[in-house]
Amino acid sequence: MITITHYLVLSAILFTLGAVGVLIRRNAIVIFMCIELMLNAVNISFVAFAHHLHSMQGQMFVFFTMTVAAAEAAVGLAIIVAVFRNKETVNIDDMNIMKW
Amino acid sequence: MESYLFYIVGTIAVLAAVYLIFERNPVFCALYLIQTMVCIAVLYILLEAQFIAAVQMIVYAGAIMVLFLFVIMLLNVKGDEESKRSFPFRKIPAILMGIGLLTVICIVLKSKLLQGKQGVYTVAHIESIGNTQLIGNLLFTDYLLPFEVTSILLFVAAIGAIMLAKRKL
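Read top to bottom, the protein sequences are chains S and F. If you count the first sequence from 1, you need to add 1073 to reach our numbering. If you count the second sequence from 1, you need to add 353 to reach our numbering.
Hints listed in this document are in silico derivations from the structure and should not be mistaken for laboratory results. All values derive from a computational prediction rather than experimental measurement. A couple of the hints might just be wrong.
Where chain S lies over chain F, by a calculated footprint (3+ residues, C-beta under 8 Å) [to be verified]:
#, stretch
1, 370 to 379
2, 405 to 414
Straight-line alpha carbon distances no greater than 25 Å define the calculated DSS-like cross-link-like pairs of lysine-lysine that follow [claimed, not checked]:
#, chain 1, residue 1, chain 2, residue 2
3, F, K519, F, K444
4, S, K1160, F, K431
5, F, K444, F, K431
6, F, K519, S, K1160
We treat Cβ as the ideally placed atom computed from N, Cα and C, and that holds for glycine.
All chains should be modelled from the sequences, with the hints used to inform the complete structure.
Spelled out as structure tokens, the structure:
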């Protein structure tokens, strides 16, 4: 029998993998993908709670999270393209003009 | 049957996520992320959220990931090359931090904090109306203001993307 805890643990594992990915990768686009993975992991817990508590609020929240993620992807990738045009790299270790 | 499906799909999702964070080629990273998202869509169907599953496939696995692949191929980026400025031993602390984060989340899950009030939308109730119709009704009644704000957000994001990607910033 699959309970809500199974879904929450799976969500926690995926979220942790996304967070570790953000820390160990140096490619800005891959870091962005790891952030999308973290958003997806949180969406699983939203839907699991909605199912568990017989509520629709979780599903509505997932809907809005997806639209925000779509907007974020469009703007974020545009920023990456703009940075690449100026610095010829997407390695975040080379993007240090705001650091002393 | 359902529990087998959960375990199989969950394992594939976690494995694809592990490959995502260790794969060097960004195109393969994007494909692994698509695999994770398809698995998550299957989990939504197991959780009786059919509309969300369809939107997950169309918006995430379809639109957003195509955008990612498009940018990867447009920029022709290589895998992670080590820069002179890279912090040398960052993998081990990152993995330790991940284990710590997972432990903390599991401690929270084991506590009894996760109880709430039961709502009225039981599975039978949702099935009698229809998942998509219910979401549509809620979207244009209770969630009308967030819905309209979201439309403005998407509009602003489209303008922002065009502005940022212009040749002269």
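Status of the hints after comparison with the structure:
no.	hint	verdict
1	370 to 379	holds (count 5)
2	405 to 414	holds (count 5)
3	K519/F / K444/F	violated, 36 Å
4	K1160/S / K431/F	holds, 15 Å
5	K444/F / K431/F	holds, 20 Å
6	K519/F / K1160/S	holds, 15 Å
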